[in-house]
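K.L.:
Sequence lines, in order, name chains A and B.
Quick note on numbering: the first sequence equals residues 1 to 696 in UniProt numbering.
Quick note on numbering: the second sequence equals residues 1 to 696 in UniProt numbering.
Careful: at least some of the hints might be erroneous.
The list treats identical chains as one, so a pair stands whether inside a single copy or across any two.
Said to hold, decoys possible - Pairs of lysine-lysine, DSSO-like flavour, derived with a Cα cap of 30 Å:
| no. | residue 1 | residue 2 |
| --- | --- | --- |
| 1 | K485 | K433 |
| 2 | K339 | K400 |
| 3 | K55 | K296 |
| 4 | K407 | K483 |
| 5 | K637 | K296 |
| 6 | K406 | K557 |
| 7 | K74 | K335 |
| 8 | K37 | K557 |
| 9 | K433 | K570 |
| 10 | K407 | K55 |
| 11 | K655 | K634 |
| 12 | K103 | K400 |
| 13 | K561 | K296 |
| 14 | K407 | K485 |
| 15 | K339 | K637 |
| 16 | K110 | K339 |
| 17 | K580 | K137 |
| 18 | K55 | K478 |
| 19 | K300 | K634 |
No wet-lab data here; the hints were simulated from the structure.
Small disclaimer: the values here were computed from a predicted structure and weren't measured.
This is what each chain is made of:
There are 2 protein chains.
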Amino acid sequence: MDFFFNPKGIALIGATPNPLKGGHAILQNLLKGFKGKIHPVNPRYEEILGIPCHKTIADVPDPVDLAIIFIPGKMVPQIIESCAKRGIKGVIIESSGFAESGKEGQQVQKDLTNFARKEGVRLWGPNCMGLVDAVNKNVFSFVSPELWEELIPGDVSLIVQSGMLSGGFLIDCMSHGTMGVSKVCSIGNKMDVDECEILEYMLTDPHTKVIGLYLESITHGRRFMEICRRATKPIVLLKGGKSAMGAKAAMGHTASMAGNGAVIRDAMAQAGVMEATDFHQMMDLCRSLAAYPDIKPTPKGRVAILTYSGGAGIISSDFMENGPIEPAVLSRQSKERLKTIFPQWMPPSNPIDLWPAVEQHGAEKAYGLAIDAACDDPGVDAIFIHAFAGGFRLSLDLDKMSQKAKKMGKPVFCWLIGRQDEARIVQLESHSKGIPVFRELHRAVECMGAVFAHGNRTISVKSEPDNRNDTMAHDTIKVSLKKGKTALDEHLSKTILDACNIPVTKEIIVADEASACQMATQTLKFPVVMKGLLPGEVHKTEAGLVKLNIESRDQVKTAFKDLTQAMDGKGEILIQQQIKGDLELIAGVVKDPQFGVCVMVGLGGVMAEILDDAVFGVAPLSHSDALALMGRLKHQKLLDGFRGAKGVDRDVLAKILCALGDLALAYPQINEIDVNPLIISKGNPIAVDASIIQEQ
Amino acid sequence: MDFFFNPKGIALIGATPNPLKGGHAILQNLLKGFKGKIHPVNPRYEEILGIPCHKTIADVPDPVDLAIIFIPGKMVPQIIESCAKRGIKGVIIESSGFAESGKEGQQVQKDLTNFARKEGVRLWGPNCMGLVDAVNKNVFSFVSPELWEELIPGDVSLIVQSGMLSGGFLIDCMSHGTMGVSKVCSIGNKMDVDECEILEYMLTDPHTKVIGLYLESITHGRRFMEICRRATKPIVLLKGGKSAMGAKAAMGHTASMAGNGAVIRDAMAQAGVMEATDFHQMMDLCRSLAAYPDIKPTPKGRVAILTYSGGAGIISSDFMENGPIEPAVLSRQSKERLKTIFPQWMPPSNPIDLWPAVEQHGAEKAYGLAIDAACDDPGVDAIFIHAFAGGFRLSLDLDKMSQKAKKMGKPVFCWLIGRQDEARIVQLESHSKGIPVFRELHRAVECMGAVFAHGNRTISVKSEPDNRNDTMAHDTIKVSLKKGKTALDEHLSKTILDACNIPVTKEIIVADEASACQMATQTLKFPVVMKGLLPGEVHKTEAGLVKLNIESRDQVKTAFKDLTQAMDGKGEILIQQQIKGDLELIAGVVKDPQFGVCVMVGLGGVMAEILDDAVFGVAPLSHSDALALMGRLKHQKLLDGFRGAKGVDRDVLAKILCALGDLALAYPQINEIDVNPLIISKGNPIAVDASIIQEQ
């Protein structure tokens with residue numbers, strides 16, 4: 001991939017002297033920064049902007065390992081062929097008119113991809129803005145050359161599946177001076193090079209500390225996840241097309257398919273990726289993480305809030321409720337130190353309202369002392385400075401003030417409002433010193449929280465799937481799968497679960513009333529449940545094939561008769577123990593088009609209908625993956641028991657979830673597993689009903 | 001109140017020629033804009049800034065009806081006395097050192113308030129920044145005179161209980177040019193004039209279209225609510241101190257008591273007030289509502305999204321999910337019109353991705369045609385324009401483009417990114433034309449939603465409490481209250497509820513086993529419940545005083561014996577029908593220090609422990625209030641029934657909630673009512689257990 005970012009020479013196909021055209025802008029951009037050889041290619045010109053122009057790609061002299069193409073889409077395939085012939089390693093195709101333009105374009109794109117794979121030439125795009133490298137001053141893009149005036153080098157690299165957004169956003173962020181960037185990659189239709197490869201490159205890139213992605217589709221879900229899991233750099237993802245409506249919009253854009261919102265959300269959480277919700281917010285998360293990528297894990301980040309406004313202090317505290325950070329409780333020593341600048345009537349506490357102290361001692365002294373106190377306070381993990389630019393004698397030298405904090409490894413964040421001109425100066429200055437500054441209080445608190453959440457991330461998700469011993473009873477599973485139809489009946493499904501060491505209800509198929517009675521009285525004990533298993537019938541309850549609360553031999557006999565009649569002599573009759581539970585869960589397996597086998601666990605019964613609380617994990621799950629999965633249930637405290645009921649044995653539940661994933665991975669013919677309900681009885685989960693669907 | 005805003009003459013006490021002092025800044029501000037007479041008062045000077053200075057307030061000549069005070073707190077009481085003597089109508093006290101500074105200051109403030117009430121002089125503040133009127137150019141504040149350079153008149157008035165925030169925020173908003181303001185009132189400790197009076201003034205002020213408030217406490221909750229309910233202008237409230245930590249911070253600030261977060265949240269919703277969460281967000285909500293204060297009610301605002309970036313279109317759609325607005329479905333006519341500028345391969349849909357059309361036809365034509373189509377489309381209620389400033393040939397004349405939309409009564413909102421300098425120009429221009437422009441996509445969608453939510457508000461909350469006939473059996477209630485101790489037992493409590501026509505379980509106190517058996521078999525029918533009522537014992541279940549599932553005469557007898565024994569011969573035994581329900585609710589009444597009698601309804605049973613889903617309404621509730629209250633439950637769809645269970649009769653439930661409030665209002669000695677559970681059985685709510693607590 002390095003020839004895309006650091007080519008020795010570039011052929012620009014579609015170079016033109018017409019200043020209104022993109023081919024001209026690309027050339028201008030190359031001339032401003034690229035240090036290697038530039039070779040315009042266009043049969044109509046001898047030279048452009050003083051550089052010799054070549055008739056064809058074959059004429060371009062060495063060294064040249066990258067081609068940038070900006071010509072009508074129809075002409076692209078032929079040019080790619082010449083590029084491959086000429087020994088070009090990589091081609092960035094910025095033209096549009098491919099898969100996004102309908103069936104014909106889709107075919108062209110497919111053919112090109114096949115060609116590239118065969119010939120070994122790598123293709124970037126099409127339908128993209130190329131790439132910008134603010135550190136090395138490489139702009140391989142038709143983005144406006146005026147961008148150069150404001151290009152701020154930084155630590156954040158971006159991978160963006162939307163041309164206009166990458167270019168437009170870059171101009172916005174650069175000219176507003178809120179952040180710098182390292183590399184910005186617009187990947188367009190990603191017909192060959194995709195987010196995975198670029199992400200891998202960024203993870204080893206010394207100029208990249210944090211990677212932000214805007215994606216509408218994830219081409220290789222599992223590979224993407226694996227790369228993210230291994231990543232030591234923070235990764236922030238904004239996924240477009242999460243809502244039903246958004247997904248509809250995504251279908252029409254960059255020819256992408258938006259995946260199942262819940263699966264992607266959970267897969268990303270499992271891989272330790274931070275999810276963003278909006279464009280600027282993604283940038284804010286990225287620059288915050290770039291400023292403090294290595295926060296030590298801590299249950300809650302304890303924040304000292306230094307404010308000139310009691311009101312802003314209050315709202316800051318409000319925003320921290322239920323998040324990964326909280327207002328710090330100041331030590332006695334800190335309070336004593338603050339007392340020396342606080343008026344007598346004002347007891348120091350956090351948020352530290354410095355306005356009276358500022359009035360009496362000036363901002364420098366008041367804030368300075370407060371920061372020193374917070375730095376020395378072992379109960380403070382981070383410092384949140386509220387600053388005001390342009391008035392009220394509140395001018396602060398943020399850099400000077402935060403030096404001690406940085407030495408102590410305590411991150412400093414700043415909320416800044418004030419006169420636009422002066423605020424802008426403070427903001428630019430602070431950015432260059434690595435202090436994240438925000439205009440909105442909520443965003444500042446959100447980003448502080450993200451930095452601490454990322455610190456904790458390394459604990460909860462950096463785990464490899466265990467080296468589990470395979471304890472499945474494979475013979476039983478194979479026989480059962482063979483015996484079953486597409487939809488295996490409850491008993492067969494549970495036989496397979498049992499073969500995977502998943503607890504299931506005690507049960508047996510009974511041939512007649514007598515053996516049913518015997519089972520009920522001797523083996524299972526009352527109350528029992530009796531069910532009719534009719535091939536192909538998956539909705540047993542609705543079909544009247546479930547008899548609950550059977551308490552006597554008479555009732556067993558009646559149930560047997562009723563079920564036999566209901567099944568019209570077909571099918572089998574199952575008798576099983578009746579489980580009285582404290583909580584109903586649902587567990588199962590689905591196959592996601594992007595991520596493959598995913599294990600699901602959620603609230604069942606009535607709760608399922610109201611709360612819609614289910615989470616997905618990409619299999620195989622490690623034991624800690626499975627525990628983390630349960631922890632992501634919105635109402636996970638239910639698992640700890642309530643009203644005197646015993647909590648779920650989370651280790652046992654974790655083993656069940658791991659086993660479900662392992663089963664589906666070991667038997668690819670399994671398309672779906674549904675354990676519903678998985679009842680928690682005295683703390684132990686037990687599969688009460690189940691259904692396995694296999695491929696036909 | 002008008003003398004505060006439009007005084008005939010102003011005495012400035014604490015005027016000084018020292019340019020570093022606030023008393024100087026106030027004078028400068030007055031000189032720049034105030035059209036009436038200005039009278040500096042300071043015994044040490046003959047004149048200040050060329051204006052004659054008076055020794056005492058008594059020396060000030062007519063006309064003078066307002067004094068502004070900026071002198072040390074200790075000297076204030078004496079000056080107020082002189083002001084009252086001199087016949088001054090209003091005094092704005094900007095000095096600090098009152099209730100916020102401890103006990104001594106609290107006493108001074110109390111005395112001053114009493115003095116003012118007696119003498120009829122009105123006091124504004126203390127510990128505040130006074131007021132700024134950008135339309136009439138009155139700045140009665142020590143806020144930096146440089147503010148004047150950027151003061152932008154607008155339609156939004158603010159009432160702010162935080163001095164630094166009002167001043168600082170004003171400078172921030174004005175210099176960033178994102179919005180204009182009408183009046184900004186910093187009310188400080190509000191020892192006399194409070195938010196209610198100023199809010200009432202603003203509601204009749206012709207220069208105010210929307211009122212935004214930042215409050216840490218609401219002094220007179222009910223009065224505030226009543227004013228808001230009657231208001232025809234949108235009101236936006238940012239309440240500081242909602243979290244437990246925030247409330248702690250609020251205690252130390254402006255000497256205010258933060259109320260119960262849930263009660264205030266619901267009381268404001270009941271009164272149709274929009275709640276803000278952050279400072280800039282509050283401003284954004286205010287300016288959006290000021291632009292479009294009269295949107296017609298509609299189930300969902302249907303938005304046409306005109307974008308140059310498919311990605312931004314997708315994210316916009318994502319943000320609309322589950323909110324008050326949704327992406328519009330374009331009519332066939334609209335699609336046909338768009339086809340004329342769309343490339344052939346691209347079927348028009350919403351979000352309307354205009355980039356290819358812009359490339360082919362230019363931004364003006366592409367956007368112009370799309371806006372015309374959206375304006376004419378009966379399925380479109382609002383237009384959301386994504387604009388870019390400074391590049392990509394995307395320059396748009398927003399005003400020109402939106403004229404037709406405005407004529408058609410369709411609000412236009414704009415998301416704008418781009419080069420900082422050019423974006424700023426577009427933003428200022430758009431603001432002056434009344435088009436709300438946002439930098440963050442999410443904020444734009446949120447504000448659009450707020451405008452439509454406000455349109456719907458007028459339906460759901462503009463209702464006066466009904467003229468209900470009092471159908472309470474007052475004799476029964478009085479007797480029962482008299483008979484009970486502080487905590488009335490279940491039976492007495494339910495006797496009172498029954499007297500208010502609230503359905504309760506059939507039940508009776510039984511003296512012996514025989515009558516218990518008779519009741520069980522003849523009146524109640526099995527199964528029954530038996531409970532021991534022991535004076536002062538409120539936790540019956542824990543004390544072993546509840547016997548459920550009694551199915552036979554024998555069990556009745558056993559239960560009777562057990563209960564008698566458990567109560568050691570004291571107490572009474574209650575027998576009641578056992579209700580099998582589909583859903584457990586809790587209902588009740590609490591007395592809030594700010595809002596008085598509040599009715600509560602929430603999920604009960606297990607749900608209560610997990611979901612924390614309860615809402616409050618300030619009594620008396622109208623029938624529609626009560627219906628709206630239920631509608632604010634997060635999981636209100638539970639009320640509609642699930643798993644075949646019948647939904648709650650919402651009208652019956654509403655009557656119960658109204659009756660609970662009426663009961664507590666009619667009998668002020670009732671401090672608390674707790675109906676737990678209120679079981680829904682076949683759609684009908686019935687009080688199964690209840691407890692009324694009265695004052696000792």
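K.L.:
Take the hints in turn and mark each one as holding or not.
P.N.:
Comparing the hints with the structure gives:
no. : hint        : in the structure
1   : K485 x K433 : neither (66 Å within a copy, 68 Å between copies)
2   : K339 x K400 : within (23 Å within a copy, 59 Å between copies)
3   : K55 x K296  : neither (58 Å within a copy, 63 Å between copies)
4   : K407 x K483 : neither (68 Å within a copy, 70 Å between copies)
5   : K637 x K296 : within (26 Å within a copy, 43 Å between copies)
6   : K406 x K557 : neither (78 Å within a copy, 76 Å between copies)
7   : K74 x K335  : between (72 Å within a copy, 27 Å between copies)
8   : K37 x K557  : neither (90 Å within a copy, 102 Å between copies)
9   : K433 x K570 : neither (78 Å within a copy, 76 Å between copies)
10  : K407 x K55  : neither (59 Å within a copy, 56 Å between copies)
11  : K655 x K634 : within (21 Å within a copy, 34 Å between copies)
12  : K103 x K400 : neither (60 Å within a copy, 38 Å between copies)
13  : K561 x K296 : neither (66 Å within a copy, 63 Å between copies)
14  : K407 x K485 : neither (67 Å within a copy, 64 Å between copies)
15  : K339 x K637 : neither (42 Å within a copy, 53 Å between copies)
16  : K110 x K339 : between (72 Å within a copy, 27 Å between copies)
17  : K580 x K137 : neither (68 Å within a copy, 74 Å between copies)
18  : K55 x K478  : neither (65 Å within a copy, 104 Å between copies)
19  : K300 x K634 : both (19 Å within a copy, 28 Å between copies)
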